[in-house]
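Kindly produce the complete structure, drawing on both the sequences and the hints.
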Amino acid sequence: DAKTTQPTSMDCAEGRAANLPCNHSTISGNEYVYWYRQIHSQGPQYIIHGLKNNETNEMASLIITEDRKSSTLILPHATLRDTAVYYCIVRAYYTGANSKLTFGKGITLSVRP
Amino acid sequence: DTAVSQTPKYLVTQMGNDKSIKCEQNLGHDTMYWYKQDSKKFLKIMFSYNNKELIINETVPNRFSPKSPDKAHLNLHINSLELGDSAVYFCASSQDSRTQPRDHYEQYFGPGTRLTVT
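Line by line, the protein sequences give chains C and W. Heads up: the first sequence begins at 1 in this note's numbering, then just goes up one per residue. Heads up: the second sequence begins at 1 in this note's numbering, then just goes up one per residue.
Do not rely on the hints blindly, as some may be mistaken.
Said to hold, decoys possible - Simulated restraints on C-beta separations:
1. D70/W <-> Q45/C: 22 to 30 Å
2. N17/W <-> T8/C: 31 to 39 Å
3. T2/W <-> I63/C: 28 to 36 Å
Hints listed in this document are in silico derivations from the structure and should not be mistaken for laboratory results. Here the structure is a predicted model, which is why all the values come from computation and not from measurement. Just so it is clear, CB atoms sit at the ideal spot from N, CA and C, and this is done for glycine as well.
Set out below in structure tokens:
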């Protein structure tokens, strides 16, 4: 699976949009971009994923550049409960059951009141 | 109802002991995993089972032995515990990627078990 690069940390004000960038310049055609987050002392939680089109769900939006070499996770109205480590993961689709996730260091998002 | 549960939540033990961590999922998933998160917060896959069959076995010492009595349970047994085994261990589950739509893949994680070896 391709490697991802994320800033170490960022912060934003409560109620504002949080834009979390991720670089994955070596991504290949069959690899998807996944975002998970880990709130302190909890297990990781799935947020969203995409291949090449922008995606939106009840938690966030995922914007993938046209060349697919980078993406941005957008939390439209950040709350204090969104303070967490956010992981950008690139994963190929496997035809078998070998479906591991490879976590990097992630980006620590701090939402301030 | 808790989707993926682990017991115990905390485990403190001495070096050389043998201990087990239990994991259960009620999501009807076919695949289960164990991850280890060390003190530097890196989260790494250890094992994966699909329908009780071992699928992924990363470079984990033989002292670690996963056991899957049925597809809803994946327990982790650790022999001769060492100081370096201190970490948070997460269990996770997902649908079998071979039966899911090509682009969908989501793992559900348990709350973690904090293991401290003294």
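Which of the stated hints cannot be reconciled with the structure, identified by number in ascending sequence?
-> Of the numbered hints, all hold.
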